[in-house]
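Novice: Listed below, chain by chain, are the residues.
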Amino acid sequence: MSSRDQILAAVKQHQPEASVLPSLEGLSGNMPGTLEAYRKVLEGLGGSLFEIKDESEIPALLAEHYPHLQRIIRVGDEQRAWINEDPHLLEDVDMAVVPGQWGVAENGAIWLTEAEIPVRVLPFICQHLAIVLPAGRLLPTMHEAYEKIGAPQTGFGVFIAGPSKTADIEQSLVLGAHGAKSLVVFITAG
Amino acid sequence: MKVGLFIPCYIDQFYPQVGIATLQLLQKLGCEVEFPQGQTCCGQPMANSGYEHLTHQCNSLFIKNFADYDYIVGPSGSCVLHIKDHLHDPAAETAATHIRERIYELTEFLTDVLKVEKLTARFPCKVGLHQSCHGQRGLALAQMSELVAAPFSKPEQLLRMVEGVELVPLDRQDECCGFGGTFCVTEEAVSVKMGKDRVADHVKHGAEVITGTDVSCLMHMEGILRRQHAGVKVMHIAEILNQNIHEQANS
Amino acid sequence: MNRQTADHATLADKFNEDEPRVDWHDQTLWWVRAKRDKMAWSIPEWEQLRETASAIKLNALGNLHDYLVQFEQQAIQNGAIVHWAADAEEHNQIVTGILKKHGVRHLVKSKSMLTEECHLNPHLMANGIEVIDTDLGERIVQLAKEPPSHIVLPCIHKKKEEIGELFHEHLGTPAGNADPQFLTAAARQHLRKEFLQAKAAITGVNFAVAETGEMVVCTNEGNADMGAHLADVHIACMGIEKIIPQRKHLGVFLRLLARSATGQPITTYSSHFRQPRPGQELHIVLVDNGRSRQLGREDFRNSLKCIRCGACMNTCPVYRRSGGHSYHTAVAGPIGAILAPNLDMKDYADLPFASTLCGSCSNVCPVKIDIHQQLYKWRQVLVKEGYTTAAKTASMKAMSGVLSTPAVYRTAGKMGRWVMRAFPGMVNNRLNPWYKQREMPAPPKQSFSQWYEKNKKS
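Chains as they are written, first to last, in full-length UniProt numbering: chain R, 1 to 190; chain F, 1 to 251; chain E, 1 to 458.
Misleading hints may appear alongside valid ones.
[What the hints assert, rightly or not] Keeping only pairs whose Cα atoms sit at most 25 angstroms apart, straight-line, the calculated DSS-like set for lysine-lysine is:
no., chain 1, residue 1, chain 2, residue 2
1, R, LYS148, E, LYS414
2, E, LYS445, F, LYS84
3, F, LYS233, E, LYS454
4, F, LYS2, E, LYS454
5, R, LYS181, E, LYS305
6, E, LYS305, R, LYS40
7, E, LYS35, F, LYS84
8, E, LYS35, R, LYS40
9, F, LYS84, E, LYS193
10, F, LYS84, F, LYS115
11, E, LYS397, F, LYS64
12, E, LYS445, R, LYS181
13, E, LYS377, F, LYS204
14, E, LYS38, F, LYS64
15, E, LYS305, R, LYS12
16, F, LYS84, E, LYS38
17, E, LYS454, F, LYS64
18, F, LYS2, F, LYS28
19, E, LYS368, E, LYS35
20, F, LYS2, E, LYS456
21, E, LYS456, F, LYS28
22, F, LYS233, E, LYS436
23, E, LYS456, F, LYS64
24, E, LYS193, R, LYS181
25, E, LYS145, E, LYS160
26, R, LYS12, E, LYS14
27, F, LYS28, E, LYS454
28, E, LYS305, E, LYS368
Just so you know, the hints here were simulated from the structure itself, not pulled from any lab data.
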């Protein structure tokens, strides 16, 4: 008997009587899905947030707050040669500006997928990350987020909440472990 | 209401004053109390060491001693919890069930059954309350710091009825003292370290007396305090709640 | 396997030789517990959330066979290659086989307690394959040639000065620099090189969804993603108990996991791997290694609900004062003490006794495992199965004998008190572990029962 069949047989023999799945109703309580709530959590995670009218304001804001950026990739740009590059070469990207699908106020997380970001490693390998999210896409908790996301449409998706970090050395919080050293979220009107 | 007084073995042998205070307090509150002679131990030391199968005779004895009472009350959360969770006897399961349902730790008996709302006791002293784990987490004598739930504390509720008691705050309101039954000798280093840390929290906040609902924890902390010549005393909560009577008896 | 003769008490005794260090270890972890409390209190529905998570896991255990089959089907449809390993050895062979097939001599690995449990690293090394742990804490203990001491905070036992030393020796940082910010930046540089070179990446799995065949991996550092998205081969290793039924259930677990673990609202990255990227190979290794056996133990099967948050370690007053290595197993602390005896009763017979049964672990557990009750039950099983000493059994039998007969108890008690009063030296000596650092109670003149006999007429 193969290990597969052996394992499955043992599991079948030993598993307890099946119980019903619980309802997920009421778990969100009265968590607010507001911009203020989202901003407070994001800033607590070391991220920053700008409210803007539309994406045209982004270059000026980046120039002001990140004066030393050399290589910037904006996923929405017409220039998309980077998509066909060896992803390893994205190592020198200073800033990636990527679109987010949904934001979660309770924990600061934003849902991104490879539908919008065709190179999976981009939001991780860049030195700094900017996510653009329309204000109307903020939700209170993870329960609403999974409701909106629904069944998977792509091969990869990720919730990102704040910059990469570690506290492995004596529990001292350090931003910038292996992923982006900083995260800025641009909330657009609508 | 006939109350059977359950005095755990180490109280009987080493802390008789706790048994006396418990008895006097219950009598003062109008209970008809009897102490069935022939008690030994609830069996917990064996059971917690993995030898529950050696507790059958302790169980039979316990049932023989306490089957006929309306309530069984003991001044130890730990021993009461053991009985509540583990008292069984195939030959007398109805009686065992009766006991498991009617056994109370002293403070919960006062607050929940007698519904005591005031006490004529006086104890002018800074007191640190040690929440013994089995009473607190096992019998729910007080809310547990881990849970997102409304606070309450039955022992504290009673101590607040005692004139002059000033309860000191603690940095860690319900951390274990490290007694843990045979753990106190099999894991001596960790047990003592836990005890030292618990004692230090009380001392740091100016406690003159450390009290609690379990003498086992208090005995462990007393052993550490005396080795440190700390000058802080331990007293079982029954001794404080019964303080006035003591003074009258002595005068 | 991590076979050694020293038991928890002995190793804990050694850990306690340096008391200021014990204080530091205790306070650092207590701080994490306090952060967890604060996060829990920020969600009024916290207890309902725990209850729900526990019920979902119970459902997953009750349908595990079907969910595993469903997960496998979905994963294959998604383009993954699924392997099944009955035990640690088979797991290691499968992983080595994949790496050898691709000619990989050098790979990166993000945190996976399963690979620790299976002792994968030594196996790979023996096969001439170099594995670099990329979680900062894991990399630190790897450089120190030690196992992790905590499942979430692998090097929580190490002081920054010691880490500075290690980095000086292995990564060439300046001697004496122990600044966490600086050391983290040095590790980032060092590990970026590894990520860019690695042909294969191993990751653990936090949750595997039966409905979709996807796997969720949670990290703060981004190391799982850096590894998996750059490598040609991604190997995800998971225990069969990681299965959850549906995608929407992730909402429940992701709300609980990081809040319980480190007091964060969520980890920085919660990555959902469903398909390999074009040109990549995705392997999933499903490992039993005793889990189906534990599933059959009615009293202990709930331990398989564990989501590896480590909250029970942070709150455990014994763990905080004995250190993770004193548990001599991959998963330390209270949860480790109920998992390990299932793997080997003889080797881990000491662990269920390394507890005061205070119950704090069960209260912080986000999936409501009755950990302290299982510790009690394991003690009964281990004694019944004979994993105890003859001396202990003899003393327990003697105690039981005394306590079973009131007349014998009264005589023994009288003798005991008389002995203590008359000859304190007989018990107050260094051979008595109580007396080593504690005074004995002052023996009273009479027992309560004697007093009662004299005074009951009042």
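Novice: Quick check: which numbered hints come out false for this structure?
Specialist: 1, 2, 3, 5, 6, 7, 9, 12, 13, 14, 16, 26
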